[in-house]
Amino acid sequence: MVGGGEGAYIGNIHRLAARLDGHWQIVAGAFDADPERGRAFALSQGIDPARAYGTWQELVEAEGAREDRVDAVAICTPNFTHYPIAKGLIEAGFDVICEKPLTATLEDAVALEALARDSGRFVGVTYTYSGYPMVHEARVRIAQGKLGAVRTVQVEYPLEWMSKPIEQDGNAQAAWRTDPVRNGRGGSIGDIGTHAYHLAGFVTGLTLESLTADLATFVPGRALDDNAHVMMRYQGGARGLLWSSQVAIGNSNGVRLRVFGDKGALQWFQEQPNELIWTPLDGRVQIIKRGADDLSEDAKARSRTPPGHPEGYLEAFANLYAGFAEAIRARTEGRQPGIVGQNLPLAKDGLKGVAFVEAVVDSHQAENQPWIKPIEV
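Just so you know, we're using the working numbering here: the sequence shown kicks off at 1 and counts up by one.
Calculated directly from the structure, the hints in this document are not laboratory data. Keep in mind it's a predicted model, so treat the numbers as computed, not measured. Among the clues, some could well be false.
Mimicking DSSO-like on lysine-lysine, the simulated pairs with C-alpha atoms at most 30 Å apart in a straight line are [unchecked claim]:
(1) 87 with 373
(2) 146 with 348
(3) 373 with 263
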């Protein structure tokens, strides 16, 4: 692991998720921009002192020389560092698991996706919400045509944690997320809106055609948006609406997805992740629960506990790590991956996310061309 050390929330999530199914062991790391603090954290995690590195460059050089070199490296650092670290790892022959967004700029995302494709290295991107079993159930049902032609997609991701200028009061996580140099051009839209965008496309299979956006910065003195509304037009005629906010008081992680077709509708709320609400045209509302016998194999393969025993965020994250492990093993063994190693968020999805953020900001800033078409990926 690179980054994700002391005080880094997402680093601990990665470590817990990686270990949950027994597919991964964390045996090496450069956990902090401060070499000594990073080494100290590594020792606190039981890492061999010989594999507790001060910098990611040291990790690449030393692990590359070992016969028991690591199989993959997880990148849990601020956005602006993703590209140089991932590039260095891929060029050294390592597989990569990267936090989203893939990079801070579109130029870097294009270059990194091409490098991953040409090198044959595995690059997974942790779009967490695509790991939930009932998200996969929704995806399968839409692909089977049970909703008919998709008409509208509503997706939202509201948070309240930045309703005050906490970046001015020493909050390190907020500080880099509100810095255009370290974060990229999109604030809330790049941090959480990209999750919502990926979720909508993953579940529906729709391809974005164009968008128009309205960004707002409600907290005085903040350099990036903390609220975003995006209207989307999909290929084939479907319409979408996305809302992301870091200043929505009363909301913790209120991810919600609603998909409406001409034969029915599906709704999934992250705060009730084990349920999918299905409403057929002229029929009654039905609650489909995780663990039911008639669910798709895609959902079953990502469920661990019996019905009534809830699964949530950590398990969804762990499904990504299990899938990454299966995909890498399958490539090594020259076979097709099993179900959990399919339909994973990869470098191409990361590029789509960065292109989406770029188009949103361009649309907001444009005066005479509000509808923007993202680059084709």
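Comparing the hints with the structure gives:
1. 87 with 373: With a Cα-Cα distance of about 28 Å, the restraint between residue 87 and residue 373 holds, given a limit of 30 Å.
2. 146 with 348: Satisfied, since the Cα-Cα distance of roughly 28 Å is no more than 30 Å.
3. 373 with 263: holds (29 Å)
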